[in-house]
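Chain order of the listed sequences is V and Y.
So for the first sequence, my numbering puts the first residue at 276; every next one is plus one.
So for the second sequence, my numbering puts the first residue at 276; every next one is plus one.
Simulated from the structure, these hints should not be mistaken for lab results.
Possibly wrong hints are sitting among the right ones.
Chain copies aren't distinguished; within one or between two, either way the pair holds.
Calculated lysine-lysine pairs in the DSS-like style (CA-CA distance at most 27 Å, straight line) [what the hints assert, rightly or not]:
| id | residue 1 | residue 2 |
| --- | --- | --- |
| 1 | Lys489 | Lys399 |
| 2 | Lys329 | Lys421 |
| 3 | Lys520 | Lys421 |
| 4 | Lys447 | Lys489 |
| 5 | Lys545 | Lys399 |
| 6 | Lys434 | Lys489 |
| 7 | Lys421 | Lys641 |
| 8 | Lys452 | Lys393 |
| 9 | Lys329 | Lys452 |
| 10 | Lys333 | Lys456 |
| 11 | Lys500 | Lys421 |
The lines below spell out each chain.
Protein chains: 2
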Amino acid sequence: MVAEIICVGTELLMGNTVNTNAAYMGRRLADLGISLYYQTVVGDNVERLADTVKTALKRSDIIITSGGLGPTEDDLTKETVVEAMGSELIEDVHTRRRIEEFFSRFKGIRNVTVNNWKQAMIPKDGFAIDNDNGTAPGIVVEKDGKRAILLPGPPHEMKAMFEKDVVPYLEKLSTDKLYSKMIKIAGVGESNVETEILDLIDNQTNPTIAPYAKMGEVHLRITAKAASREEGDALIEPMADEIRKRFGRNIYTEDESVNLEDVIVELLTKEHLSIATAESCTGGLIAGRLINVAGASNCLNESYVTYSNEAKERLVGVSHDTLAAHGAVSEETAMEMAAGAAKAAGADVGISSTGIAGPGGGTPEKPVGLVYLGVSYKGQTYVRRLQLRGNRENNRNHTVEFALIFLRDVLLGNV
Amino acid sequence: MVAEIICVGTELLMGNTVNTNAAYMGRRLADLGISLYYQTVVGDNVERLADTVKTALKRSDIIITSGGLGPTEDDLTKETVVEAMGSELIEDVHTRRRIEEFFSRFKGIRNVTVNNWKQAMIPKDGFAIDNDNGTAPGIVVEKDGKRAILLPGPPHEMKAMFEKDVVPYLEKLSTDKLYSKMIKIAGVGESNVETEILDLIDNQTNPTIAPYAKMGEVHLRITAKAASREEGDALIEPMADEIRKRFGRNIYTEDESVNLEDVIVELLTKEHLSIATAESCTGGLIAGRLINVAGASNCLNESYVTYSNEAKERLVGVSHDTLAAHGAVSEETAMEMAAGAAKAAGADVGISSTGIAGPGGGTPEKPVGLVYLGVSYKGQTYVRRLQLRGNRENNRNHTVEFALIFLRDVLLGNV
Numbered sequence: 276m277v278a279e280i281i282c283v284g285t286e287l288l289m290g291n292t293v294n295t296n297a298a299y300m301g302r303r304l305a306d307l308g309i310s311l312y313y314q315t316v317v318g319d320n321v322e323r324l325a326d327t328v329k330t331a332l333k334r335s336d337i338i339i340t341s342g343g344l345g346p347t348e349d350d351l352t353k354e355t356v357v358e359a360m361g362s363e364l365i366e367d368v369h370t371r372r373r374i375e376e377f378f379s380r381f382k383g384i385r386n387v388t389v390n391n392w393k394q395a396m397i398p399k400d401g402f403a404i405d406n407d408n409g410t411a412p413g414i415v416v417e418k419d420g421k422r423a424i425l426l427p428g429p430p431h432e433m434k435a436m437f438e439k440d441v442v443p444y445l446e447k448l449s450t451d452k453l454y455s456k457m458i459k460i461a462g463v464g465e466s467n468v469e470t471e472i473l474d475l476i477d478n479q480t481n482p483t484i485a486p487y488a489k490m491g492e493v494h495l496r497i498t499a500k501a502a503s504r505e506e507g508d509a510l511i512e513p514m515a516d517e518i519r520k521r522f523g524r525n526i527y528t529e530d531e532s533v534n535l536e537d538v539i540v541e542l543l544t545k546e547h548l549s550i551a552t553a554e555s556c557t558g559g560l561i562a563g564r565l566i567n568v569a570g571a572s573n574c575l576n577e578s579y580v581t582y583s584n585e586a587k588e589r590l591v592g593v594s595h596d597t598l599a600a601h602g603a604v605s606e607e608t609a610m611e612m613a614a615g616a617a618k619a620a621g622a623d624v625g626i627s628s629t630g631i632a633g634p635g636g637g638t639p640e641k642p643v644g645l646v647y648l649g650v651s652y653k654g655q656t657y658v659r660r661l662q663l664r665g666n667r668e669n670n671r672n673h674t675v676e677f678a679l680i681f682l683r684d685v686l687l688g689n690v
Numbered sequence: 276m277v278a279e280i281i282c283v284g285t286e287l288l289m290g291n292t293v294n295t296n297a298a299y300m301g302r303r304l305a306d307l308g309i310s311l312y313y314q315t316v317v318g319d320n321v322e323r324l325a326d327t328v329k330t331a332l333k334r335s336d337i338i339i340t341s342g343g344l345g346p347t348e349d350d351l352t353k354e355t356v357v358e359a360m361g362s363e364l365i366e367d368v369h370t371r372r373r374i375e376e377f378f379s380r381f382k383g384i385r386n387v388t389v390n391n392w393k394q395a396m397i398p399k400d401g402f403a404i405d406n407d408n409g410t411a412p413g414i415v416v417e418k419d420g421k422r423a424i425l426l427p428g429p430p431h432e433m434k435a436m437f438e439k440d441v442v443p444y445l446e447k448l449s450t451d452k453l454y455s456k457m458i459k460i461a462g463v464g465e466s467n468v469e470t471e472i473l474d475l476i477d478n479q480t481n482p483t484i485a486p487y488a489k490m491g492e493v494h495l496r497i498t499a500k501a502a503s504r505e506e507g508d509a510l511i512e513p514m515a516d517e518i519r520k521r522f523g524r525n526i527y528t529e530d531e532s533v534n535l536e537d538v539i540v541e542l543l544t545k546e547h548l549s550i551a552t553a554e555s556c557t558g559g560l561i562a563g564r565l566i567n568v569a570g571a572s573n574c575l576n577e578s579y580v581t582y583s584n585e586a587k588e589r590l591v592g593v594s595h596d597t598l599a600a601h602g603a604v605s606e607e608t609a610m611e612m613a614a615g616a617a618k619a620a621g622a623d624v625g626i627s628s629t630g631i632a633g634p635g636g637g638t639p640e641k642p643v644g645l646v647y648l649g650v651s652y653k654g655q656t657y658v659r660r661l662q663l664r665g666n667r668e669n670n671r672n673h674t675v676e677f678a679l680i681f682l683r684d685v686l687l688g689n690v
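The shape of chain V in the complex, shown without the other chains (with noise of 0.2 Å):
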C-alpha cells in the first residue's frame, strides 16, 4: 500500500510555516509501515491543487491531505478532491449539529456564518471524521479502489484526528497490524547508537528497529506486524531486550510520552530528594527545564543564577581564591558552585554549569564550547568537561541537555 502526502496552503509554499504536518504523518506512515513516495505542497489554487491530486491517484493507493478545509473561499480542498474522484457532496446531518454545538460553547463571542455550513458538505462515496478541536471535519472518500484522507492544516487537530481516527483506519487496511515500542536512549552518541545495533538493523525483518536522533538522545523504535497485541509483543521482547542488554542504565524510559527531565523530576520526588542550580553559561535554562514538568514543585523550591564572579562567591559560596587560581570556567568553580548551590538552598542535591558559549571570550587554554558540569549529591562531589562545537544559542542548549544526563547518572551512581 503506497500513500502520498499533499499539503494546501500559500503560508507553506512562503515559507511563512514549517511543514511540520507533513514530518508527522511521515513518521506516523512508516511507523505503521505503509509506503510514502512523494510529498508535495501546493498553494490555495484550485487548477494547481486538481493537478497534484489527479497525479497522485495516478500512482499512489492512499493521499493525505492537510489544509484548506476551513469556512473561507480559499479553502477548497474538498470541493476539489471530491470532483477528481468523481464524487459529489451531500450535507451530513450529524457534522452539521455538531458544527451547532461547537459553536453554542462559544455564544455571545463567536457565531456561526453561512460559510461554516459548507464543512457540513460530505462526499457521498465517504463520511466524515469528528474534529474535537475545531469546526472543519476530516473526510475520507473511498472510490474506485482509491482513498483520500483530508485532514484541517492546524496541527493539535489534525494531529488529534490522525491518532484518534486515522491511525485505526490505516491499520484496518493491511491485514497485518502494528504494535510498537519506543526505548529512548541517553548519554550515547548517535553514530554509537548506530554502530551498536548494525547487526540488528542488518537482520531486522520483523519486528524492525527505526532510530531517531534527537540532541543528546537517540529513541529507537521496535515495530512488529503481527495478528495480535501478544503476538506483537513475543515479537518485540527478545528484541527490546537485546536493546537493553547493550544500552543498559542508559535507556532512560520506554515510555514515549515520557522526557528526560520527567524521569529526573520522578527520580527525585521517589527518593524525597530536593535540588537547587547555579547556572553561569545556562543563565537558569536547566532550572527552567526542571519546572517544565508540572510535579517539579516537589523537588525544586529556589535556584541561582551566577553569571558574575561576586554572584558565584556571595549566592553559592565560590571561594574567591578558586576563582582566582582556575577562573570561572574549571573544575574547582563547577564543584564549588554545585555543592554551595545545594547548601545555599538547603537542597539534597545541587547541579551547576559554568563555560564559554561563545561567541568571544575563548583562549586557546579555554575554547569556545568549554562547560563544566558539577553535581553535588551525598556528600560527593562530580564533575564533568564538555567541549561542544556549535554557535552560543546551540552550545547553551546542549549544555542543558547534558547536565540532564549527568544528573541522571549520579542519581542512579552510574558515575
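For this one, chain V is given, so just place chain Y on it according to the hints.
Positioned in the frame of chain V, the structure of chain Y alone reads:
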C-alpha cells in the same frame, strides 16, 4: 518567472527531519518576487526523482533542489537532473582543488575517499557554486531556457550558498531588482497588526508588505522593485514612515538580525543599568533568554528562581503577609518579587514572573494560564496581568516573551 522547489531525501519523507529548507527557500523566493507554485519532497530514488524533475521542468522556469549531492551512492540528484536536462558531467579542476584543500584541513582525521571525487564533476552547461562549509559544491545548470540550481541538504551549507551566490544569481535574472526593509513589532497581536495595515496591503503595488507572525511579535517586510538601491529606498521609505506612524514605539528594531533580547540588553547597557530576575512559573527562562545575548554580562550578574513561597520570602524578600493575604500568584507578590530581585542583587532593574502554568493548580478565581509580571525601575514597580490559553510549555514561553515586551515598555517609559 516561476520557480519550483524539490527536496531530496528519505529522512524528509519519513519525517525524521522537518523540512526547514523548503520554508527558508520559499521565504527567500517570495522576498525576491519570484513565484513559487509547488514544493515536492522525494526520497533517494532515481526513477521517482527523475519523474519529479521532468514534471517540474515542464511547468516552471527554475527548479531549485536541496539534498542528494553527497559522496555516497545514494546521492544522485546531480546525475539525475543533468540527465533530465540533456546535459553531461565533466570534471571541474577548480572544484577538485577545493575538495583537496578542504580535506587538507582535516589531515589525519578525515581522508578523501574515491567517492569524494564524484563531487568535482560539473555539468557542461553550467557551473559550480563554492561550498565554504562542506565538500559538496552547488551546481547551476542552464539548458534550453530552463535553469536548475542544486544545493546540498545540510541547512547551514545550503543557506550560506543561497545568500552568497543564489540570491545575486536570481536577482540578475529579473530586470528589476528587489530591495527590502524589515520592521519588527512587539506587543501588538497578529490580527491587530493585520487590521491596522489592511488598507496598505489592499492598495499595495510597489512596494509590497508581507507580515510574518512570531510568538508575541509581528515582523513586516517591505519590498520594492527598483533599478537601484536609492530608487528602492525612495519607494520603501514613505511606506516605512506610515508603518512607523501607526506602530510607534511597538517597533523595536528595523534590523533583520536583531532580536528582542538584543534590544533590551542594548538599552540596559547604554544606560549603564543592571538587571536581576525573580522567576517562579518561568523558572529561569527569562534570565536564560537575556543571557542568550553575548554582551549580557554587562548588565546581568545574578538572578533567582523562587519557585516556593519560602524562596520568595528568603531570596527576594516578599513579605509573609503578602503571600498569606494574596497568594503567590497575585499582583502584590509579582511587585514585591520584582522590587526584591533588584534589591537583593543590587541591580537597577528587577523583573518577576508568577503564574499558573498548568495543567493543574487552577481554580475558578485563578485559572490555569493566569500570570503576573512585575518590573521594578527607578523606585517604581509596574505590574501586568496575562491570561494565557496554551499548554504548560506554551504558557511559559509566552510568559517569557511578554516579560521582555513589558520590560522594554518600562525602560522606554511606555507604561
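Can you give me the call for lysine 545 and lysine 399, within, between, both or neither, at a CA distance of at most 27 Å? So lysine 545 and lysine 399 fail the 27 Å test inside a copy (56 Å) and across (67 Å) alike.
Could you place lysine 421 and lysine 641 in one of the four classes (within, between, both, neither) given a Cα distance threshold of 27 Å? Answer is neither; intra-copy 62 Å and inter-copy 51 Å both fail.
Please sort lysine 333 with lysine 456 into within, between, both or neither, judging by C-alpha distance up to 27 Å. neither (34 Å within a copy, 45 Å between copies)
If the cutoff is 27 Å on CA atoms, where do lysine 520 and lysine 421 land: within, between, both or neither? Let me know, please. Intra 45 Å, inter 56 Å, cutoff 27 Å: neither.
At most 27 Å between CA atoms: does that hold for lysine 447 and lysine 489 within a copy, between copies, both, or neither? Answer is neither: 31 Å inside a copy and 40 Å across each miss the 27 Å cutoff.
How would you classify lysine 452 and lysine 393 at a CA-CA limit of 27 Å: within, between, both, or neither? neither (36 Å within a copy, 43 Å between copies)
Treating 27 Å as the Cα threshold, decide for lysine 434 and lysine 489: within, between, both or neither. Intra 21 Å, inter 22 Å, cutoff 27 Å: intra and inter.
Classify it for me, lysine 329 with lysine 452: is the Cα-Cα distance of at most 27 Å met within a copy, between copies, both or neither? neither (29 Å within a copy, 37 Å between copies)
With identical chains treated as interchangeable, where does the CA-CA distance between lysine 489 and lysine 399 reach 27 Å or less: within a copy, between copies, both, or neither? neither (44 Å within a copy, 40 Å between copies)
At most 27 Å between alpha carbons: which applies to lysine 329 and lysine 421, within, between, both or neither? both (11 Å within a copy, 25 Å between copies)
27 Å Cα cut-off: does lysine 500 pair with lysine 421 within a copy, between copies, both or neither? within (24 Å within a copy, 46 Å between copies)
Violated hints, listed in ascending order, are 1, 3, 4, 5, 7, 8, 9 and 10; each of the other numbered hints is respected by the structure.
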